[in-house]
Structure formats: C-alpha cells, structure tokens
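Trainee: What follows is the residue order along each chain.
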Amino acid sequence: MTKYTFTDKKDTRSGFGDGLTELGKTNKDVVALCADLTGSLKMGDFKKENPDRFFQTGISEANMIGMAAGMTIGGKIPFTGTFANFSTSRVYDQIRQSIAYSEKNVKICASHAGVTLGEDGATHQILEDIGMMKMLPNMTVINPCDYNQTKAATLAIADFEGPVYLRFGRPKVPVFMPDDKPFKIGEAINLVEGSDVTIFATGHLVWEAILAEEILAEKGIKAEIINIHTIKPLDVKAVLTSVEKTGCVVTAEEHQRNGGLGDSIAQVLMQNNPVPLEYVAVNDQFGESGTPEQLMKKYGLSASNIVDAALKAIKRK
Amino acid sequence: MTKKTTEELAKIASQVRRDILRMVHAQNSGHPGASLGCTDFMVALYFKILKHNTDFSLDGKGEDLFFLSNGHISPVFYSVLARSGYFNVKELSTFRKLDSRLQGHPATEEGLEGIRIASGSLGQGLSVGLGAAQTKKLNNDKGLIYVLMGDGELNEGQIWEAALYGAHKNIDNIIATVDYNRQQIDGPIEEVMSLGDLKAKWEAFGWQVIETDGNDMNAVVQSLERAKTMTGKGKPILNLMSTEMGFGVDFMVGTHKWHGVAPNDEQLANALGQLEETLGDY
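Protein chains in written order, with the working numbering: chain A, 96 to 412; chain B, 466 to 747.
Accuracy of the hints is not assured; some may be wrong.
Cross-link-like lysine to aspartate or glutamate pairs, in silico, EDC-like; alpha carbons within 16 angstroms at most [unchecked claim]:
hint	chain 1	residue 1	chain 2	residue 2
1	B	Lys602	A	Asp147
2	A	Lys120	A	Asp140
3	B	Lys634	A	Asp131
4	A	Lys123	A	Asp254
5	A	Lys267	A	Glu214
6	B	Lys634	A	Glu288
7	A	Lys279	A	Asp254
8	A	Lys314	A	Asp291
9	B	Lys698	B	Asp637
10	A	Lys340	A	Glu288
11	A	Lys393	A	Asp403
12	A	Lys332	A	Glu282
13	B	Lys526	A	Asp124
14	B	Lys516	B	Glu528
15	B	Lys602	A	Asp124
Calculated directly from the structure, the hints in this document are not laboratory data.
Only chain A is shown next, with the shape it has when bound in the complex (with noise of 0.2 angstroms):
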C-alpha cells in the first residue's frame, strides 16, 4: 500500500505562481492579467521577469476578464488572477458571454478559495465557485491538491486549449504529490487502493482524506481514495470502476454541498450505479473569521468528518 508522507508545507498558490514564473520562460504567449493582488496571487516574479507581458489591471475585475477574452484575439493565452470570489460570482456574466459562449482561450486563476482562506471571513470565502463555473458551457474545471499539482496543473493548462477554471488557496499544506508528474486535465488519480468505500476528494480535502484513510484501516476498513483534480469534464470511468469495486462513495471538498464535486459524482451514480453516497462539504451556509484549522473542524471538512461519513456510507451498503 502506498503511504503518502510529507516534509514540506507549502500553499497552493506559490505553485500557480511558480508555474506561471516558468511558462514566461517557456511559452512566449502566455500573458497575465492581474487585478491589484499580484503578491496574494504570488504573481511578481512573472511580472518582474516579463514586464511587458503583465498587465496590472487594478480593482476592475470585470474589466480584466473582458479584457483577457479580447487578448485571445491574435493569439496570447491569457492567464487572469485575483481571489476566487473575485474570479467568479464578482464576473459571472462577463466569464459567460466573453469567454465560456465565446469559447476563448482564457485560464481564469483563482486563489483563496474555501473557508480556508481563514481570517478574511465570509465575504471573501467563496465556496460557491465550483458549482457556477461546472455550470457553463465549455469550461473545465480544476482544483488540485498541493503545491506539486498546482504547479503541474498550470503548466498543463497553457497547453490545453480552451477556457479553464484554476481553483487553488492560500494557506500551507503538506506537500505530498510527487514533483515529477505531470498533469494529465480529465484523469482521476487513484492515491490509495481500497475495497470497503471510494473517498472522492479535490482540493485540500484530499489530504484529510489520505489521514482519514489511516484512521479507517486502524479500524479495518479499506478505503480507496481518488484525487479528482478535474470536476469537469469529470472522470467518469474511473469514479464507476471504483464504485463496482467498494459499493458505496462518500465525496470530500471546500465547497457548498450544492452544486459541488458530491453533485457531480451523484449525477453519474443515479444513471449507472446507485450505491450509497455521503457528503463531506458545507452545508448551505455561508463561512465566518478564524483560523484555516478552525474553520475545517466547524464546517466538518476534517479528516474525521470524512471517517464518520466512510462509517454511514458503508453502513447503508
């Protein structure tokens, strides 16, 4: 059995930023547009390195995202930054016409999502952005679960053409995905092999469920664990062959339980294999101030949040 370790904190966001620092040395069409947040968005060396490929656009996010569907047009890939909440219900009409409708070549870049965006509070811990973005025609979706996958990730989306949704965040978590895989848009990972329940996660629930994987087979139980990066286009092949194997399915994100991953894997289990199915999410609330760790044990998106569900899950086989 694969057992994943760690000796390094890091967030999300230093590996959308060093991701996008390499594509200025690498691909001589990426452009980036940023809407006053350059440091959050750990966007400076990019800017610093490629000056004239930076575009500051100030606290206007309509205007960067309208602006980064027109710099499509001649063949720049633009990538835009700023929070999550600012990257999607702030511009939800302009993503929707200028880009999703227009199918232009822009990766929307979103930090500080979830509740784990901590102090801040509600108005700015979107937990709502996975569902509206999954909804739009054309747009992919991602939301990977360390500095390693975020990095990969970012690379990868320069190369794909389309518009992308980025989703990372802003604190440091353990880095445990190897530094050497590269990202692969649409393909499930299977982190640990498991016969009893499949534990979906994305985002910085992947690692709670790694831990809840370990506390599970204390208790005997053998948990399956599958990182899905991309909620869309999602995986579905790999979300049903686990299915047939475990029998029951509980679903772990940052996110509003509506509209979010759990919605997506439910969709394809009512159409092909109807087995039970638990929720790891927030529960139609919005978050509030406090510490990143706070925050997931009273919005039930720890490691044994995701053991309690793995224990009704199987329950209800």
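Please build the complex by placing chain B on the supplied structure of chain A, with the hints as guidance.
Mentor: Chain B alone, transformed into the frame defined by chain A:
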C-alpha cells in the same frame, strides 16, 4: 476593396436600411431603431475605413478589428458583413430563426464569418477591444481596434473601468465610438439615467474626444479619418457620435419606441417606400 465615394456609401446605406427592416419584419423580432441610426457609421467603417479581409480569420493579424459592444443592433452588423462579402446576403433571411448562424445577438459558436466575440449583455465590448488592442501591440501589429457602444450602455460600470484602464495604459491604437442617440429602452436618457456632460466625462477620464454627426455620411467618414490620424499619440480615442434612432424612416425617427419593435406589413411597405433598393434585396 475599392474606396467608395460618399454617394456610393449612401447608396449602400439605403440598401442596408432595407435589409434591417426586412430582417426584423420577417421574424417579427429584433432591434431596428439603433440599427437604422448606426447604419451610416457601419457602412463607412466596413466600406471605407477598415483595413480588413473578408476571407475571415478570427485572429485578424495585420487587419483592423471591429467589436460591437451593443450586440442588439445585430441587424445592421449582419447586413454590413454580408454586403461587404463576409457571407452570402441570402443568409440574412435566417436572422433570429432556429438553426441560424445569425443569432439574435452576435455569437461565435455557429462560426459566422466576421464575428470575433459574443455580445448582447451590455458593457463588455470596450474591455474586449482594449484586450485586442494590447495583443496588437505585443504582436507589433499596426492594425487598429474599433469598438461601437450604445449610449444607454454607458450606464454599465464596466465601461468606466475600461475607460480608466485605456487612458492609464496609453492604449492609443483604439477608436471607440458611442452611438449617442439619447434614447434607451424605457425612454430618453435624460429621464432614465442622465449621462451629464459626456464629452467632459470622457476627457476627464483621459481620452481624446471627437464629436460626429452620425447620420451625415460625409461627416462620419471625415471623423473616422481624423480619428485615425489621432492614433499612436499616447491616448485612446472616443468618437462621440450623435445619431437619430430610426434614421431614414420618417415614422421611426427620434423615438425609443422602435428600439426593439418590428414593423407590421403596412409599416414595412411604408418604410421601404422611403429607401431606395440600390443593391438588390436579398
């Protein structure tokens, strides 16, 4: 493309106005008012001003690019694109019908030649134009960017975000035009949402402003030629173009009532009687 005289352009405009009315009448749906008002501008642009290639490429490298922000005036856009050779004029008969490439508001999904981005939800086109203008600069492409906005559309905050940006970044390869017909859906702009001193507003935002009589073909051409000479000087250009909604049809002119209403059979016959068929109806 051969350069047209003002008289030749006026003749094309008469045909385009016929197209607009017939398209909107055929489906009993669409926006004739501002389409008629902007016809002279659109004809001048596509038949005289733009350096463009009707063998359409989305990237338009080396060409001047036009973006329509107020997408509801799609009838005039489609007619001008077809009449200038982007697609067959017969296709105008599919406007707003099921399975048509001529959607109610311009779209790229169906691959209609001449359309580079969807518009309809207002306020977005100036940002798109600024983005395209920056890509032109990065590519060392001397082509210019043209944008048309409605005046009612200036209610949208995004326009003013874009206005700030264009001046701050010295985007001087863009010529944006405001169709200043002083009407919006619910009534005159002065009643719905006053724009105040629009010229002073754009100047205060750092744009070079020119004013145009948008229903005088000669004036439209001269203004656009002048605007071109103002590019490359460190400031974006705003063409404040006064028009009459419904221009060319006596019972439609100067009122918001024909913003989004189609003429009936009798009204169409009356209107077409006022507009010479110069290039043959589609």
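Trainee: Would you mind confirming whether the straight-line C-alpha gap from A/Lys123 to A/Asp254 stays at or under 16 angstroms?
Mentor: holds (12 angstroms)
Trainee: Between A/Lys340 and A/Glu288, is the straight-line Cα distance small enough, at 16 angstroms or below?
Mentor: Between A/Lys340 and A/Glu288 the Cα gap is close to 10 angstroms, so the pair holds against 16 angstroms.
Trainee: Is B/Lys698 within 16 angstroms of B/Asp637, Cα to Cα?
Mentor: holds (6 angstroms)
Trainee: Check the hint pairing B/Lys602 with A/Asp124 against an upper bound of 16 angstroms on the C-alpha distance.
Mentor: Within the cut-off at roughly 13 angstroms; holds.
Trainee: Between the alpha carbons of B/Lys602 and A/Asp147, is the straight-line distance 16 angstroms or under?
Mentor: Between B/Lys602 and A/Asp147 the Cα gap is close to 10 angstroms, so the pair holds against 16 angstroms.
Trainee: With the threshold set at 16 angstroms, check whether the alpha-carbon distance from A/Lys314 to A/Asp291 stays at or below it.
Mentor: Between A/Lys314 and A/Asp291 the Cα gap is close to 12 angstroms, so the pair holds against 16 angstroms.
Trainee: With a cut-off of 16 angstroms on the C-alpha distance, tell me whether A/Lys332 and A/Glu282 pass.
Mentor: holds (9 angstroms)
Trainee: Is it true that the CA of B/Lys634 sits at most 16 angstroms from the CA of A/Glu288?
Mentor: violated (54 angstroms)
Trainee: Does the alpha-carbon distance linking B/Lys526 and A/Asp124 stay inside the 16 angstroms limit?
Mentor: Status holds; Cα separation ~15 angstroms.
Trainee: Hey, B/Lys516 versus B/Glu528, does the alpha-carbon distance stay inside 16 angstroms?
Mentor: holds (6 angstroms)
Trainee: Verify the proposed pairing of A/Lys279 with A/Asp254, using a straight-line Cα cut of 16 angstroms.
Mentor: holds (11 angstroms)
Trainee: Is the straight-line distance between the alpha-carbon of A/Lys393 and that of A/Asp403 16 angstroms or less?
Mentor: holds (15 angstroms)
Hint 6 from the earlier list is the only one contradicted by this structure; the remaining hints agree with it.
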